[in-house]
Amino acid sequence: SQQGEEDPQALSIQEGENATMNCSYKTSINNLQWYRQNSGRGLVHLILIRSNEREKHSGRLRVTLDTSKKSSSLLITASRAADTASYFCAPWNRDDKIIFGKGTRLHILP
Amino acid sequence: KAGVTQTPRYLIKTRGQQVTLSCSPISGHRSVSWYQQTPGQGLQFLFEYFSETQRNKGNFPGRFSGRQFSNSRSEMNVSTLELGDSALYLCASSRDRSTDEQYFGPGTRLTVT
Chain U
1 SQQGEEDPQA
11 LSIQEGENAT
21 MNCSYKTSIN
31 NLQWYRQNSG
41 RGLVHLILIR
51 SNEREKHSGR
61 LRVTLDTSKK
71 SSSLLITASR
81 AADTASYFCA
91 PWNRDDKIIF
101 GKGTRLHILP
Chain E
111 KAGVTQTPRY
121 LIKTRGQQVT
131 LSCSPISGHR
141 SVSWYQQTPG
151 QGLQFLFEYF
161 SETQRNKGNF
171 PGRFSGRQFS
181 NSRSEMNVST
191 LELGDSALYL
201 CASSRDRSTD
211 EQYFGPGTRL
221 TVT
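Quick mapping for you: the protein sequence lines, in order, are chains U and E. So in the numbering used here, the last one in the first sequence is 110, and the numbering has no gaps at all. So in the numbering used here, the last one in the second sequence is 223, and the numbering has no gaps at all.
In isolation and in its complexed conformation, chain E is listed as follows (with noise of 0.2 Å):
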């Protein structure tokens, strides 16, 4: 089946700017998780959705925000960009996070200028 799909791939933006990144699951998972990695801090943890509800939300701003629809497709919308966010932005997917394995996507590359 297919895997999960993020839209765009690779990303520019200006400071100051909003964007909306885009995750679609596989298909028959609930569960999409959003992540944002850096060279400095890593693979950082933003939010969880389950059933169109957030279960989970990570250490960051209310920049950063995101919401899913009836058919578990998510996105995660960044508003008033900054240079810090520049990042790869990745989702994955699982049944239920607690039991089964975590699928990721290949990742959305944010450059903020």
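With the rest of the complex left out, here is chain U (with noise of 0.2 Å):
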């Protein structure tokens, strides 16, 4: 089975600073996805980038992926008090079934 693992476990930045996390996992994707939580709470989709697709954007987020690596990157730009959540990746394959990691705890200080 296919598990994301997210580091670091926790970050706390300065409203207006960027953040980065990072995801790493261990077999071959066809995608990797980034999800947001809020507390308590559904995830939410934030991004989805393919296993031919060396970085993507959406917004104020930017994504990396490094195959070779096998990681990814997850950069929030001009971070904002309402992006205080967790944040979890999600490398996907078609024949393994998915387990998410820990997440990254997100907080930002006003």
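Since the hints were made in silico from the structure, they are not lab data. Ideal Cβ positions, reconstructed from N, Cα and C, are used throughout, including at glycine. Fair warning: there could be bad hints in the mix.
[Stated by the list, open to error] Only pairs whose alpha carbons sit at most 27 Å apart, straight line, appear in this in silico DSSO-like list of lysine-lysine:
#1 U:LYS70 with E:LYS167
#2 U:LYS26 with E:LYS123
#3 E:LYS123 with E:LYS167
[As the list claims (entries may be wrong)] These stretches of chain E come out as covered by chain U in the derived footprint (C-beta under 8 Å, 3 or more residues):
#4 152-164
#5 194-203
Build the complex: two chains, separate frames, hints provided.
Structure follows, in structure tokens:
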């Protein structure tokens, strides 16, 4: 089974700064997705990057994928209080069931 | 279009009872996955249904079961509830899990007393 492992476990930054989270996985993937979860709520899909893509942007989000290193990073620029949440990566492979990692808890300080 | 809906949103049950949770996927989505989320174990995969067939299953005891109907709506059932089953149960739908993003419902918060 395929598990994404996020790093760091927790991150606190000042509002306006950039936040970077990393994800590592073990086997080959079809795509990798990032999700956000606000406290006690459902996950919200942020961005999907396919295995043949190296970088993708969506608003203030930038995701990179390095399949040779089996790693991905999520960059949130100009952070806002509303970005305070847990962030999960989900590496997808057609034949695997997905196991989410513990996520990165991001806290934006005012 | 309407998002994934889950009912009920909150539920309190007693140890030993059983519970059924419901999930209605986004229209056109045929895959429904269920997850259990607890503070200690994080987000754990329960099972996935695609076109009424269980396609994948996580490492949970047989007390946890599910099914999917022809309209893609899904239910999960937990029998003989234990205190440790207290959790947020999330369902997610997608067109086809391997290529499309998953859309999560708001979850059902189950408390077992």
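Quick rundown of the hints versus the structure:
no.	hint	in the structure
1	U:LYS70 with E:LYS167	25 Å, holds
2	U:LYS26 with E:LYS123	39 Å, violated
3	E:LYS123 with E:LYS167	25 Å, holds
4	152-164	holds (count 5)
5	194-203	holds (count 3)
Hint compliance for this structure: hint 2 alone is broken.
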